[in-house]
Structures are given as structure tokens and as C-alpha cells.
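Colleague: Residues per chain, in single letters:
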Amino acid sequence: MYKILAREDFSDVTFLLEVHYPMLAKAAKPGQFVIVMVHADGERIPLTIADFSVERGTITLVVQAVGKTTREMQQTCKVGTALYAVVGPMGMPSHVGERKKVACVGGGLGVAPVYPQARAFKQRGAYVIGIIGFRNKDLIFWEDKFASVCDELIICTDDGSAGIKGLVTDGIAKAIEVHPDIEEVIAIGPPVMMKFCADATRPHDIKTMVSLNPIMVDGTGMCGGCRVSVGGEMKFCCVDGPDFDGHQVDFDELMSRLARFKGEEREALERWTRNENCRLMGEEPHPSG
Amino acid sequence: MPAARQWYELMPVKRTDKTPMPQRDATDRAQDFDEVNEGYCFAHAMFEAERCLRCQDPVCMEGCPVRIPISEFVHAIAAGDLPRAASILRTANPLPAICGRVCPQESQCELKCHMAKRFGPVAVGHLERFVADWERSQPLGESPPPPWQSARIAVVGSGPAGLVCAGQLARQGYPVTVYEALHAPGGVLRYGIPEFRLPNAILDWEIDALKRLGVEFINNVIIGKTIALDDLFDRHGFSAVFIGTGAGLPKFLGIPGENLNGVYSANEFLTRINLMQAFQFPEADTPLKVGKRVAVIGSGNTAMDAVRSARRMGAEQALVVYRRSEAEMTARVEEYHHAIEEGVKFHWLTNPVEVIGDDDGWVTGLKSLRMELGEPDESGRARPVPIEGSEFVFPVDNVVLSIGTTPNPLLAKTTPGLATHSWGGLVVDEQKGETSRRRVYAGGDAVTGAATVILAAGAGKSAAEAIHQDLSAGL
Ligand SMILES: Cc1cc2nc3c(=O)[nH]c(=O)nc-3n(C[C@H](O)[C@H](O)[C@H](O)COP(=O)(O)OP(=O)(O)OC[C@H]3O[C@@H](n4cnc5c(N)ncnc54)[C@H](O)[C@@H]3O)c2cc1C
Ligand SMILES: Cc1cc2nc3c(=O)[nH]c(=O)nc-3n(C[C@H](O)[C@H](O)[C@H](O)COP(=O)(O)OP(=O)(O)OC[C@H]3O[C@@H](n4cnc5c(N)ncnc54)[C@H](O)[C@@H]3O)c2cc1C
Ligand code: SF4
Ligand code: FES
Chain A
1 MYKILAREDF SDVTFLLEVH YPMLAKAAKP GQFVIVMVHA DGERIPLTIA DFSVERGTIT
61 LVVQAVGKTT REMQQTCKVG TALYAVVGPM GMPSHVGERK KVACVGGGLG VAPVYPQARA
121 FKQRGAYVIG IIGFRNKDLI FWEDKFASVC DELIICTDDG SAGIKGLVTD GIAKAIEVHP
181 DIEEVIAIGP PVMMKFCADA TRPHDIKTMV SLNPIMVDGT GMCGGCRVSV GGEMKFCCVD
241 GPDFDGHQVD FDELMSRLAR FKGEEREALE RWTRNENCRL MGEEPHPSG
Chain B
1001 MPAARQWYEL MPVKRTDKTP MPQRDATDRA QDFDEVNEGY CFAHAMFEAE RCLRCQDPVC
1061 MEGCPVRIPI SEFVHAIAAG DLPRAASILR TANPLPAICG RVCPQESQCE LKCHMAKRFG
1121 PVAVGHLERF VADWERSQPL GESPPPPWQS ARIAVVGSGP AGLVCAGQLA RQGYPVTVYE
1181 ALHAPGGVLR YGIPEFRLPN AILDWEIDAL KRLGVEFINN VIIGKTIALD DLFDRHGFSA
1241 VFIGTGAGLP KFLGIPGENL NGVYSANEFL TRINLMQAFQ FPEADTPLKV GKRVAVIGSG
1301 NTAMDAVRSA RRMGAEQALV VYRRSEAEMT ARVEEYHHAI EEGVKFHWLT NPVEVIGDDD
1361 GWVTGLKSLR MELGEPDESG RARPVPIEGS EFVFPVDNVV LSIGTTPNPL LAKTTPGLAT
1421 HSWGGLVVDE QKGETSRRRV YAGGDAVTGA ATVILAAGAG KSAAEAIHQD LSAGL
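Just so you know, the protein sequences line up as chains A and B, in that order. Residue numbers for the first sequence, in our numbering: 1 to 289. Residue numbers for the second sequence, in our numbering: 1001 to 1475.
A few of these clues could be false.
[What the hints assert, rightly or not] Capping the alpha-carbon separation at 30 Å, the derived lysine-lysine pairs in DSS-like fashion look like this: (1) B:Lys1211 / A:Lys3; (2) A:Lys26 / B:Lys1211; (3) A:Lys29 / A:Lys100; (4) A:Lys235 / A:Lys207; (5) A:Lys78 / A:Lys100; (6) B:Lys1211 / A:Lys207; (7) B:Lys1251 / B:Lys1292; (8) A:Lys26 / B:Lys1292; (9) B:Lys1117 / A:Lys262.
The set of hints was computed from the structure by calculation and includes no laboratory data.
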């Protein structure tokens, strides 16, 4: 169960895992996510289903190594190994409506998750503008995948080493300038990025869907840890989302809540790195951890 | 460490008193998550069992939701026949080690007990636990035969309702598969009730016993998401389905500040600790941040578990804030007494109105109003009414909301034709526990709303009988 069939490293922080789980592959829809545990003492972390194949019986996850769990995955999730637990598909599928023209925006860890949505819109006959952002040229991945489902693809890099120099919001501004008739924007990425995307489209009154990433535990509506404020109402992101109307989301609250365990996360990562270094040096892990 | 006490020091002075449960010293135990109650030894159990009058009208049994023949099993203990006591118990209640620990005996069997009118009641709960713990210490018997029926049954959810239903059907020879959404089975027994009341080892033993009976457990599957309920019949070939999905959806108060950092639902707080073992952080990966001062809102078992866990996670001040009075508290009395012993402070007739935070979004206080009791409300309990101008602030770092839960709508929302009440509970036929869908049965908190372990277990048991009858009759 949950065996890793393929792995691809896009950069020193981003990697792809193709996980065997036929039942889940059959049930998955764009916009949904899974919760993964690496081992029995591990944390339950949510990851978007970036792609799925019913024929191969697999789901694809694209992970950014940002902290203890994701760094550990980067180390230990090799082809042939298996994850301890994978559960899903969770959340509501993205609503892929009848649209003539849409922009799909992905930045950071949002690049992979926005792909299935772009593909779904394309399949429904929409004109799809892809806007994806990276720090620099070396970090770019899935350009060809996006190119195959987008009618136009705008790549943004912070340093201008590829595509246009600037943030995805610059890409959005450019797209809106050329295509004032964009009906919907889908933006996925870090909360700040989504916040600025929503700000960028608000004056143009373009509906903007964002995919929120609060801290989760169970992912079934049981803990309420993932609660977010949307239009002044409390929503549980894992069951009511993760997609919400970006113009209604309280991003500042989301960002504040994401920092709930900052100290503990740092402690966990430092401890893990220390032990990892000892292991690499062939020493016993430090007793105090 | 206080000196270990001898068993006879714990014997009641008068024969009329209930034999006290040996328990760990309060200051010691508030440091860790090990079990508080140590259990009777043989002498305690014999002594206590002798107190039973073996009444002509054993009213204790009427107080028991699953009608355990209490006087019979207690008599078997008194006669020193523990195997018989164990078998009487287990026939009536498949989860005696768990129920002996968590049932609210004071409002069930022990409330009715004839001894209770003049003396202390017979300690039915402590005796139940004693027998079940003895049973667990015995070598396992021969392996039961593999399932012999052809009809396969799916159980959704592995709380007490699901576990009991699965066990009863397996004993009738059915191949049973239990699907659980989380990565470990047990429902509230795993993620909610802390180990200082119900050690995981006991739950694991019960689950292993079911596995020996041939029950298959599949974790990490959400019925309604991973597999549609209809697919259990159509694709997976099950002949009947039992739904025991519980009432896991936490309620919030709707007061300002509930989304501040440091506010948890009791479910999140306890799940991080019990299911994810946050008390072992950083050995276990999941963190839980608990400050020096924690306020828990509510007065049920969940509130007691949360506030006592907060103490164990390092809170120096742990308080319970409840808008009604002590008389309306719904927790088991034993837990209430244990909480007081462990230094928890109770603020009755105190209604929280706002969580206050600092500029960075962290909790700094809980603004509350003092209440007084007024006219009775719809439930017949005196309605608490605010005292004018009594507003004040508890300075706290964390607020844990323990104000109830409702059934999770996930399965009903994704299953056509599965009827629910307006409050979310599944509609079932009272006799059989069958839902609005043919061959789909339900029981436990998913049907009743948040209730008790024994009611869930009882519902699982009667649904298993109904399923067996319907399948045998070819209905
Ligand atoms: C619906 C959803 C989909 C997501 N999809 C992806 C994805 O496809 N690829 C990807 O790389 N990341 C995704 N994430 C984010 C990912 O879950 C976090 O990066 C991961 O949990 C970090 O864990 P860590 O131990 O490595 O880092 P930590 O050091 O523990 O945390 C780093 C940051 O991640 C966030 N985080 C921590 N724990 C959790 C948790 N249990 N749940 C959610 N966020 C947490 C916090 O903001 C934290 O500051 C998604 C999150 C959500 C909610
Ligand atoms: C903290 C706490 C303390 C308590 N203390 C006591 C006590 O001392 N005494 C007492 O008698 N009662 C107590 N209770 C109440 C008691 O635990 C519950 O009434 C009882 O557990 C209900 O059992 P159940 O089988 O109906 O559901 P649950 O125990 O809630 O189990 C339901 C299970 O179903 C799973 N599930 C849900 N949906 C799906 C799905 N779609 N697919 C697959 N799986 C699913 C859930 O993950 C869960 O594991 C307490 C409750 C809590 C929360
Ligand atoms: S009512 Fe009390 S004394 Fe009488 S049989 Fe029951 S437990 Fe024994
Ligand atoms: S993650 Fe627990 S309710 Fe959403």
C-alpha cells in the first residue's frame, strides 16, 4: 500500500512522488488533497493531488521541502519505499464551471496544484492563460505540461532569468491588460501571494478562486484546526474548501494561524537536521535529540 | 514518591462503604499520561463483591443500558469463579474493560443499586474492570474458526458502536471489514479519551481480539470520499453496511476571538495529544502549544479530559468555565473529583463572551460574565442569566472549547437517500437500527448525537442482531 512508484526532483527543494493507491486514484478530482504520514510517529500533512491516473492506479504529489516532515520525505521517500498512511481524497473538488477565458496562477508550492485545474478548464473548452512564478530559471518545472494545456503561458521569475521579471501579480496585470474579458482567476500558492492576487483582480471585478492551506490534523471536519474566515463566516477548510472566493478570505488571519506552531516547527527541524548530520557522519544520534 | 500503600489500608472502615479504588497520588499523576486508577486487587474485589445483597429484584440491571446480569457476575466473583464472571460479563457487554473504566455508573447501575439508598452502592464499575483486567491477563484460548457465512458485512467507523457490531457479526460467522477514516482504529476511545483514563493497550487488546475472530481493519479510508457507500454494495460486494461514524464535528460558540492563536476545540486539543501523541513531542512529530494558564469551556467528560490533559501538558493554572452550576455538570463524578485533586479550578455560573488577544493574534484572556440561576428553561434546568455589570477577564494563554459535537455530515451528504434529522443525526428504525436505505444500519453517536460508550456499544450489538436476522430471513 501507498508504494512510491516514481520520483522526480525538480530542484533542491521541490520533488514529485507518484504513489500507488488505485482506489484513491479512481476517486480523486481536481482540487482535492490527501493527508500523508511518513511514519507511525509522523505528522499528518495535507498535500494536493497534483495529478492522478486511473490506468496506473496512482496519484502524484509535488512537495516542497520546507520543514521537518517535508525535508524528511525528501530524504526517505525513494522509489520502492512506501508511505505510512495516505488518506483522501479530501475537500470539495474545484468547481470547474463553463468559462470562456480563465487565468490559472501558480506560485511556489502552488504551481503543481494549479495544473489539474488548468487541464480541467482546457478540457471543458476554455481559453486558458497559465501564469506560473519561480524564483529563478533553475527552479522551473512542468513548463511543457502547462504548455500542453494552456493557450498562453506566462512565466515569471523574481530575477528575470526566464520569462518576465517580476511576481505572478505582474503576470496577472499583463494578462488582464491583453485580455480584459478574463472571467475567472484561479490562484494557488503561499497565502501572501494569493492575497496579492485577490487584490490585483478586485478592481477588475474578476472572480478569483484561491486554494487555502491552513494547518490541518484529521482533514475530515473533526478538529476545527483548519478553520478560516470567509466573508465573515467560519469555514472548515478541509471539508468546505480548500477552494474559496479570494475576495472574501481573511488572509491576515490565515497567515497568523499558520504561525501557530512556529517555535515547535523550528525545534523539530533543528533536532532532525542535527540527527541527520550525525547519521551522515556515521555517529549515534545525539541523546538529547 | 509517597510510600506505597498496602492493600488493606484501602479497605473501607465500615462494611457499609464502597471499597475505594486504589489510585495514584494526585501530584505524581498530574505529571504524566499514565493511568490514574490502579484497579482492585483480588482481595478488594472479593470484599466488594461480598457486599452485594443478591436482591430478588436486581434493580441495578435496569439501570444498565445493556442489561448486564450484574448480581450474577458479582456473585461469581464472590464465589471466586472469575472465568464465569468474565463470561457472563462479556456475553452481555463486549467491551467490559473499557466500560468498567468510562461508564457513568453513578447515573446507571450504581444509582439504582439497593445498597445506594442507605450505604454506598456496590462498586459495579470497579468490579467490571477487575474481571475484565483479569481476563486480559489470562492466556488466549484456541483460535476461533474462520468466518463461515458467505454474506460479507462492512462496518463504517471503528468507535465502540462499530467495534461491537463487527465483533457480534464475526461471532455469527460473517466476514466483516471495518473501514476507519483515521490511521488508527478506536474512534473516540483512541483520539478523545486520554490514556490516563483508558490506556491504549486496552483498546489494542480488544481490537486484536476482533482480528483473531477474523475481522479485517482497513484504516485511512473515508466512506463517502475514498469509497462511495453505494460502491460498498456494487463494487465491493458487501451484503449489508453498519454506520458507526460517531458525532465528531466540534461546535464553536460564535463569540469574538475564537480564531485567535491558542484557541482549540477540545477535539483538536485531545486529538493532538491522544491520536498524535503530542505529549511526546519532539519524539513524535505533532506539536501542541500549551501555555501556563488554560481555560476550558464546558462541563462534560470532554471538558474534564481536556483540562486534566492541559495540566499534564504543563499548565500551572487549569480552569473550567461553565455558564451553569455544578448541579448541571454532565461529566462522570469520578473525573470531576480527580480533576479537583489534580488542582483544576472550577468557575461555575460564568459565561464566556469574548476571547481577547494581543496584536500578534495570540490569546491573552477570556472575558466572561457572572451568571445567576433564573426560571427553568425548555430542558427543565434553571436558566442562567447574566448579572448586570459583572464582566471580568481571566488572564489565560489558551482557551479550549468543549461545548459539544454533532454528527459529521460527510457520509450523509455524499450518499443519496440516506435520511438525517435536521440536527444531523441519521434517521433509523428504532427496532432494527435500519436507516432509510435498505441493508444500511446505523447506531451510536451518529444516530443519537454525542452520548456514551455503552449506548454506542449497545446499538452496535442490536444492529448486529438485526443484520443477522434480516440476512438469514433473506429480507
Ligand atoms: C489543502 C492543502 C494542500 C497542500 N498542498 C501542498 C502541496 O501540494 N505541496 C506542498 O509542498 N505543500 C502543500 N501544502 C502545505 C504542506 O502541508 C505543508 O508545507 C507541510 O505540512 C509542512 O510540514 P513540515 O513538517 O515539512 O514543515 P513545518 O516546519 O512543520 O511547517 C512549515 C509550515 O507549513 C505549515 N504547516 C505545518 N504543519 C501543517 C499541517 N499539518 N497542515 C498544513 N500546513 C502545515 C505551517 O504554515 C508551517 O509554518 C498543502 C497544505 C494544505 C492545507
Ligand atoms: C473526550 C471524550 C471523552 C468521553 N468520555 C466518555 C466517558 O467517560 N464515558 C462515556 O460513556 N462516554 C464518553 N464519551 C462519549 C463516547 O466516547 C462516545 O459516545 C462514543 O465513543 C460514541 O461511539 P461511536 O462508535 O458512535 O463513535 P466514535 O467513537 O465517534 O467513532 C466513530 C469513528 O468513525 C470514524 N468515521 C467517521 N466518519 C467516517 C467515514 N465517513 N468513513 C470511515 N470512518 C469514519 C471516525 O474517524 C471515528 O473513528 C467521551 C467522548 C469524548 C469526545
Ligand atoms: S441492586 Fe446492588 S445489591 Fe442488589 S443485586 Fe444489584 S448490585 Fe447487588
Ligand atoms: S483538519 Fe480537522 S477539521 Fe479540518
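Colleague: Each of the hints needs a verdict: does it hold here or not?
Modeller: Hint-by-hint comparison with the structure:
In summary, the hint linking Lys1211 (chain B) to Lys3 (chain A) is supported, as the alpha carbons are separated by about 24 Å, within the 30 Å threshold. This hinted pair checks out: Lys26 (chain A) and Lys1211 (chain B) have alpha carbons roughly 28 Å apart, not beyond 30 Å. Simply put, Lys29 (chain A) and Lys100 (chain A) have alpha-carbon atoms about 21 Å apart, close enough for the 30 Å limit, and the pair holds. Distance restraint check for Lys235 (chain A) and Lys207 (chain A): the Cα-Cα separation of roughly 19 Å lies within the 30 Å cut-off, and the hinted pair is therefore satisfied.
This hinted pair does not check out: Lys78 (chain A) and Lys100 (chain A) have alpha carbons roughly 41 Å apart, beyond 30 Å. For the suggested pair Lys1211 (chain B) and Lys207 (chain A), the alpha carbons sit about 52 Å apart, so the restraint of at most 30 Å is broken. As the CA atoms of Lys1251 (chain B) and Lys1292 (chain B) are separated by approximately 25 Å, the hinted pair is consistent with the 30 Å bound. Note on Lys26 (chain A) and Lys1292 (chain B): the hinted pairing is violated, with a Cα-Cα distance of about 48 Å set against a maximum of 30 Å.
Only pairs whose Cα atoms come within 30 Å are accepted, and Lys1117 (chain B) paired with Lys262 (chain A) is rejected, the gap being roughly 56 Å.
Taken one by one, the earlier hints fail for this structure at numbers 5, 6, 8 and 9, listed in ascending order.
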